[in-house]
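Dock chain B against chain A, hints included.
Each chain, written out:
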Amino acid sequence: QQQVKQSPQSLIVQKGGISIINCAYENTAFDYFPWYQQFPGKGPALLIAIRPDVSEKKEGRFTISFNKSAKQFSLHIMDSQPGDSATYFCAASFSNSGYALNFGKGTSLLVTP
Amino acid sequence: NAGVTQTPKFRILKIGQSMTLQCTQDMNHNYMYWYRQDPGMGLKLIYYSVGAGITDKGEVPNGYNVSRSTTEDFPLRLELAAPSQTSVYFCASSRDRNTDTQYFGPGTRLTVL
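These protein sequence lines map, in sequence, to chains A and B. FYI, in the working numbering the residues of the first sequence are 852 to 964. FYI, in the working numbering the residues of the second sequence are 149 to 261.
So here's chain B without its partners, still in its complex pose:
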């Protein structure tokens, strides 16, 4: 099992550009999550999904969109990138609501200039 994979590893965007961060898991997990990590601030939840076709907002959803068309994939879309979106983004997954352990991907480091 590859677990949770994320692409790209690094990306530099210009203000106003858009991009999609990819996340794929091969563990057949129902629950998937997107977090952002800023220095000294811990991780904050952006969006999460409890299954294909079902998504919900987390603590910091503004400026982002998600979709979940398959169990495996949970892409995060940034529209009109802003410097405040400079961060490290982590995708995570867990099997179901009764299995708490979240498995994290290696992260995508995004810089918006």
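Isolated chain A (complex conformation):
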């Protein structure tokens, strides 16, 4: 059973536009919600992460919005660039599992020039 549901599966955005990827989870024990970015042929790399005590976290052009009551969180990429084209994974974990990550299925983002 997929513990973290991610949508959309793929996304095409024009350069300069906003990319939005959504995730939902069921397990209320989750206390850490990262987003990973993966380029073809590479391992995933941490992009940005949030804990449930805040509703939003921003790092440069990347923002996580977190809605604890709805059990949802999303990634916003402002001013999307062709170099942002990659696969994005949301994930969730909790400390009792050693922060082993439960990943969503991923979103393939293409930013067109």
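Read the hints as simulated data drawn from the structure, not as lab findings. We put the CB at the ideal spot given by N, CA and C, even for glycine. Treat the hints loosely; a few may be bogus.
Said to hold, decoys possible - Simulated crosslink set (BS3-like; lysine-lysine; CA at most 25 Å straight-line):
1) A:Lys-893 to B:Lys-157
2) A:Lys-856 to B:Lys-205
3) A:Lys-922 to B:Lys-192
Stated by the list, open to error - Computed Cβ-Cβ distance ranges for the label pairs, DEER-style:
4) A:Gln-932 to B:Gly-201: 44 to 54 Å
5) B:Thr-234 to A:Ser-906: 33 to 43 Å
6) A:Thr-963 to B:Asp-204: 17 to 27 Å
7) A:Gln-865 to B:Met-175: 35 to 45 Å
Just chain B now, with coordinates in the frame of chain A:
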């Protein structure tokens, strides 16, 4: 620092063969993880370790074994390879349970024919 290294990069196995995927990290991280990535399915946790001599099962452990005799190494053993084990395997590490960021290796692409 080399970070997390994995060998081999590619491997083709015949059904019923066995092999060991190697993973080494030079960051003195206590926590290490093995994930498999199948197309469109995200990454799924196979096994993880919270320190030398301590391992635990993840979501999809069947058909795999691990050991952790040193802090640096976390090999993944496939016994009696099956076509269902065709996947890309990623090893990751993190410093401790209070430092969440997982650092991923470049992956091993395994095909079982």
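Checked hints:
A threshold of 25 Å between alpha carbons decides the hint, and for A:Lys-893 with B:Lys-157 the separation of about 11 Å falls inside it, so the pair holds. Note on A:Lys-856 and B:Lys-205: the hinted pairing holds, with a Cα-Cα distance of about 22 Å set against a maximum of 25 Å. Only pairs whose Cα atoms come within 25 Å are accepted, and A:Lys-922 paired with B:Lys-192 is accepted, the gap being roughly 21 Å. At roughly 46 Å, the beta carbons of A:Gln-932 and B:Gly-201 sit within the given window of 44 to 54 Å.
Taken as a hint, the range 33 to 43 Å holds for the pair B:Thr-234 and A:Ser-906, whose Cβ atoms sit roughly 41 Å apart. Distance hint for A:Thr-963 and B:Asp-204: a CB-CB separation of about 44 Å, inconsistent with the stated range 17 to 27 Å. Checked against the hint of 35 to 45 Å, the C-beta distance between A:Gln-865 and B:Met-175 comes to roughly 39 Å, which is consistent with it.
Checked against the numbered hints given earlier, this structure breaks only hint 6.
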